[in-house]
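Visitor: Just so you know, the protein sequences line up as chains W and F, in that order. Under this note's numbering, the first sequence has 255 at position 255, and the numbering climbs by one with no breaks. If you want this note's numbering, it's the 1-based position in the second sequence plus 1000.
Keep in mind that a hint or two might mislead.
List of simulated lysine to any residue pairs, SDA-like, C-alpha gap at most 25 Å [what the hints assert, rightly or not]:
1) Lys-1111/F to Leu-15/W
2) Lys-266/W to Lys-1220/F
3) Lys-1079/F to Ser-180/W
4) Lys-266/W to His-1228/F
5) Lys-1298/F to Leu-1243/F
6) Lys-1244/F to Asp-1223/F
7) Lys-101/W to His-1228/F
8) Lys-1220/F to Gln-1028/F
9) Lys-101/W to Asn-1089/F
10) Lys-266/W to Ser-180/W
11) Lys-101/W to Lys-1079/F
12) Lys-101/W to Val-1133/F
Distance windows between CB atoms, simulated [as the list claims (entries may be wrong)]:
13) Pro-1110/F to Tyr-34/W: 36 to 42 Å
14) Met-31/W to Pro-1110/F: 53 to 59 Å
15) Tyr-34/W to Lys-1116/F: 26 to 32 Å
Under 10 Å between C-beta atoms, here's a sample of chain W residues computed to sit facing chain F [said to hold, decoys possible]:
16) Thr-102
17) Phe-103
18) Ala-105
19) Ile-107
20) Thr-109
21) Leu-111
22) Leu-140
23) Ala-141
24) Leu-151
25) Lys-262
26) Arg-263
27) Lys-266
Derived by calculation from the structure, the hints in this document are not laboratory data. Glycine included, each C-beta is placed from N, C-alpha and C at the ideal position.
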Amino acid sequence: MKMSRVASYFKLPRLSYRVWSVWRRDQDVFMKTYKVNFIPPLIEPFFYLVGLGFGLGGFVQPQEGLSYIVFIAPSIVATSMMFSSFYECTYGSFVRMYYQKTFDAIIATPLSLEEVIAGDLLWGATKSLINSTMVLAVILAFQLVSNPLFLLILPLSFLVGLLFSALAMCFTALMPNLDSFNYPFFLFISPMFLLSGTFFSITILPIQVQMVANMFFPLTHAVALTRALTAGGLSTTLLLNFSWFLVTTPFFFVLSINLMKKRLIK
Amino acid sequence: MQSMVLIETQSLTKKFGDLVAVDNISFQVFKGECFGFLGPNGAGKTTTMKMVHCVLPLTAGKLTVANMDVADHAREIKKMIGVAPQEDNLDPDFTVFHNLMVYARYFDIPKSEAKKRADELLRFVQLEEKRNVIIDQLSAGMKRRLILARALINEPQILILDEPTTGLDPQARHMIWDKIRSLQKQGVTIVLTTHYMEEAAQLCDRTVIMDNGKIIEEGKPRDLVKKHVGEEVLEVAYDEEVLKFLRNTFPEARLDLVSDRIQVFTNQPKGVFAQILSKFTFKAAMIRDANLEDVFLKLTGRRLRE
């Protein structure tokens, strides 16, 4: 009995091509308001680069052998992956589920709830791809990219975005109302934003904090991989960073779909 | 025409934890008819609808649509059903037309065909002028009509209407009724829930009355009225003497006291009240046709429901 309860959280969803019709619905909404969606992600990195890179960077010694602005440029790309997908599948999905009843409308068609959630997750991953690509374009324009492999950041951003979408969707399945999202944002996203080797080398931190960051913060691995692909060199530890996503992403993808089913189908 | 069973349930039950929302009900819906679920709020009507269109799993019992079991043919069943839910779940980010187009995509309807159907449906529900308007700018009645149009985008054999006219003004309500009638004429089987008795009397070939998750009565609206409350109702202002008099005159009748009025229900043929009124005068006396509302209140009581 107890085992089957645990197993019910990891039941593999049955998905079909219909997932894409949900993805396309979300994309349609995005395109309706493209001005709002495209301009801020292009402008925001500019402030980070000027404020932190040129401003604060004047006082900070090189980090991990990179000048400060070169060090934080990939962090801005990686954090945009996190924020765009996590927002999409917390606030975005919650509004669709709870206020707009969009999910109810769709499951009255041949789509299943599993497919609806999977479509939203894939859209969250796509948002990560879109936003981080724009940020990448900005740091390219600032000539902060030296590794010719930087285009690999695009598929990486989709994978990282998928994980953050799935994590976000788990919270969406559990939160009673919109205000409750303060918990994951302040207690999970904010510390991750600061302590994942984003704005200073993670090796400066006490070893216990480093361990927590490596075990529980996806952003740590996203930043390490992105930095390697913009300015750093390749090393075997990158395989560990990458494997971390390969293991956790399917895990949370499946878990989030089952949590949503438990919330919405009684 | 009413021979082929399209929806069949046996001992259908739905529990939410300890709450029994639908309690062991059985019913059949025939092809081409308009079948109504009447009941107060919380009777289990919507829950039953949701099981029929495969978005809620059954707790117990059996439910088939066109001989397919909902447990393992959800996709096929959902393809042949159109659903107009009680609450507005239109996509607020899209225009009227785009709402239909996006919905058509969920049914794999090719774009050119979807366009054609969307335009036809907008004409059908008289929303052509609002084609490119954002949902927020529609009135409640227009939203209901658009929801109806959306439910028809897949050319369904079965149309499920959950409280199709709740909250609408009389003009909007009559228009929806006209559309429902014309759809039935085209051969669409209609299953609707309502707590407006007039709606059921106007539209439904057969109805069931639900209360507390159970079906408590079933039949044609007119037969139900005749069976439970007769043909006419006499209403007079409350007065102790009048009450006594009426009791003696109509010993078999049912007398209800509703606030300051007496209602007399009798099985006797039409005209008996007119006879009495021609001989005696009562304060604020009125004879009216018995209706489904009388049946409903008799069967489900006057207690308020949450």
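Visitor: Hint by hint, say whether it matches the structure.
Guide: Now the hints, each set against the structure:
no.	hint	verdict
1	Lys-1111/F to Leu-15/W	23 Å, holds
2	Lys-266/W to Lys-1220/F	33 Å, violated
3	Lys-1079/F to Ser-180/W	37 Å, violated
4	Lys-266/W to His-1228/F	37 Å, violated
5	Lys-1298/F to Leu-1243/F	19 Å, holds
6	Lys-1244/F to Asp-1223/F	30 Å, violated
7	Lys-101/W to His-1228/F	40 Å, violated
8	Lys-1220/F to Gln-1028/F	14 Å, holds
9	Lys-101/W to Asn-1089/F	5 Å, holds
10	Lys-266/W to Ser-180/W	22 Å, holds
11	Lys-101/W to Lys-1079/F	20 Å, holds
12	Lys-101/W to Val-1133/F	20 Å, holds
13	Pro-1110/F to Tyr-34/W: 36 to 42 Å	26 Å, violated
14	Met-31/W to Pro-1110/F: 53 to 59 Å	21 Å, violated
15	Tyr-34/W to Lys-1116/F: 26 to 32 Å	28 Å, holds
16	Thr-102	6 Å, holds
17	Phe-103	9 Å, holds
18	Ala-105	4 Å, holds
19	Ile-107	5 Å, holds
20	Thr-109	4 Å, holds
21	Leu-111	6 Å, holds
22	Leu-140	32 Å, violated
23	Ala-141	32 Å, violated
24	Leu-151	32 Å, violated
25	Lys-262	12 Å, violated
26	Arg-263	13 Å, violated
27	Lys-266	5 Å, holds
The structure shown violates the earlier hints numbered 2, 3, 4, 6, 7, 13, 14, 22, 23, 24, 25, 26.
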